[in-house]
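> Residues per chain are reported as follows:
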Amino acid sequence: MMRFAKLTLAILGAFIFSSVFASSLFAQTSSVTGTLLDTDGSKLKYVTVKATNTKTGVDRFGTSDETGAYTIDQLAAGSYKITVDADGYVIPELQNLSLGETENKKLDFTLTITTTERMVRMTLPLFNLAEGSGVGTAIRNSQYAFAVIEVVHLFGLTLLLGGIFMMSLRLFGLIMRDTPLSLVARQLGWVSFSGLVLMVATGLPLFASEALKCYKNDMYWYKMAFFFPATIFHFTMYRKVTRSDSSAPFMRGLTGFLALFLWFGVAVFGRAIGYF
Amino acid sequence: MSLLEICQSLQNSDYGTQIRESIYFFPIVEGIHVVALGISVGAVLWWDLRLLGFSMRNKPISQMQANIFKFMMPGFMLMMITGALLFWCQAEKAYNSGFFRIKVIALVLAGINILYFHLRTQRSQASWDNDGIPPTSARLAGLFSILLWAIIIAAGRLMAYTF
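Residue numbers (our numbering), protein chains in the order written: chain A, 6 to 281; chain B, 2 to 164.
Same shape as in the complex, but just chain A:
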């Protein structure tokens, strides 16, 4: 019995030894290692680095650890394209990194933060502040507050878009041709202005109640990308052109087009926040 056990063990041992030996003979033992930093000097944790064999198209991946160090191992000799895919950074690519047999190349990356990401990071404290504010908390804790404020927000939209749309029709010369532009502007100005006041007055508390949701929502950022230019435009070019009776038809057309484009953009992306 003892002899049988010894024999089995010996065969098993030989088998394991030979398989390890064989695999080391054919192993793909080249590797790429390095450290990922961003332009601010901080280490990039848990970011994936990809090595694509330019001949076979086979991908191998490595992920950076807490010190920003990564390793892609078991690479066959050959030529590789290295890419680092990190959200919010300009994606670096290194073409034609050639690896020999059992070669370890060191490859450090310094990634550039995109302008958007930098802006987003700078504004995060504001979002945290809004989310934690008394107004935000009160709305979240109330069953009806959000819905009721949302309804008033929509009333504001009707006034604002209605005023803007009618004014644009006059700017295009499609309605009220016999009434001076400045007169129409005076009659409609307070409609769209009170709409804008309502929208901002209700928009701020709505935002406070879900600031962090907005922060992660692309549609919110698109809305703001339309909202700020739209507001500036409203109180500068739009105001000036609609109140003048001597502006050129081209300027009027352009103003009407810009007003519709900007405010419709605000409305559409504002609605879309709820879906993404």
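These are computed hints drawn from the structure, not numbers from a lab.
No residue lacks a Cβ here, since even glycine has one placed at the ideal position from N, Cα and C.
Don't take each hint at face value.
Unchecked claim - Below, simulated DSBU-like cross-link-like pairs (lysine-lysine); rule was C-alpha separation at most 30 Å, straight line: (1) B:Lys71 x A:Lys218; (2) A:Lys111 x A:Lys48; (3) A:Lys245 x B:Lys60; (4) B:Lys71 x A:Lys245.
As the list claims (entries may be wrong) - Here are some of the chain B residues that sit facing chain A, going by a computed Cβ distance under 10 Å: (5) Ile20; (6) Ile24; (7) Pro28; (8) Ile33; (9) Val36; (10) Trp47.
Use these hints to put chain B onto chain A, whose structure you have.
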């Protein structure tokens, strides 16, 4: 077939399901519905403000009507089409929603308000067409219209919530 059954079969129809479960179609239709709201109700509002004597006082009401109505109608068509699509894919939910019922009632009342204004009040329009502040019957039509549209908008938005 009861109304509920019709709503159920609408919601469960192939197209209803496709609209409801689409990633982009539903939000896009909803987005158009909201923008068209600004256009159509915005135009109605201006018209109502004229009837109330709050805006465009020196413009004859008939001219105001001729200018605004040709743009109001396409706006309402757009509202109706997108609204019908939205209804189609959630007909049963709408049937069971108190807010949707309020919305439909308010829409019917708004229609009656317009018809009454058109068939009765406007008969004597020649005598007050140029008035900055029209007679009470016309002002009331403007006031009812604004109130009813506010209810329609509020009820429509609140349909999304279940309290």
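> Give a verdict on every hint.
We went through each hint and held it up to the structure:
1. Simply put, lysine 71 (chain B) and lysine 218 (chain A) have alpha-carbon atoms about 41 Å apart, too far for the 30 Å limit, and the pair is violated.
2. This hinted pair checks out: lysine 111 (chain A) and lysine 48 (chain A) have alpha carbons roughly 17 Å apart, not beyond 30 Å.
3. A hinted pair counts as satisfied when its Cα atoms are at most 30 Å apart, and lysine 245 (chain A) with lysine 60 (chain B) qualifies at roughly 23 Å.
4. Under the criterion of a C-alpha separation no larger than 30 Å, the hint pairing lysine 71 (chain B) with lysine 245 (chain A) is consistent with the structure, at around 28 Å.
5. Annotation: interface hint on isoleucine 20 (chain B) violated; nearest CB of chain A at approximately 14 Å, more than 10 Å.
6. The criterion of a C-beta within 10 Å of any C-beta in chain A is met by isoleucine 24 (chain B), whose closest approach is roughly 9 Å, and the hint holds.
7. The restraint placing proline 28 (chain B) at the interface with chain A holds, with a minimum CB-CB distance near 4 Å, inside the 10 Å limit.
8. The criterion of a C-beta within 10 Å of any C-beta in chain A is met by isoleucine 33 (chain B), whose closest approach is roughly 8 Å, and the hint holds.
9. The closest approach between the C-beta of valine 36 (chain B) and any C-beta of chain A is roughly 5 Å, which is under the 10 Å cut-off, so the hint is satisfied.
10. A distance limit of 10 Å between C-beta atoms decides the matter here; for tryptophan 47 (chain B) the minimum to chain A is near 6 Å, and the interface restraint holds.
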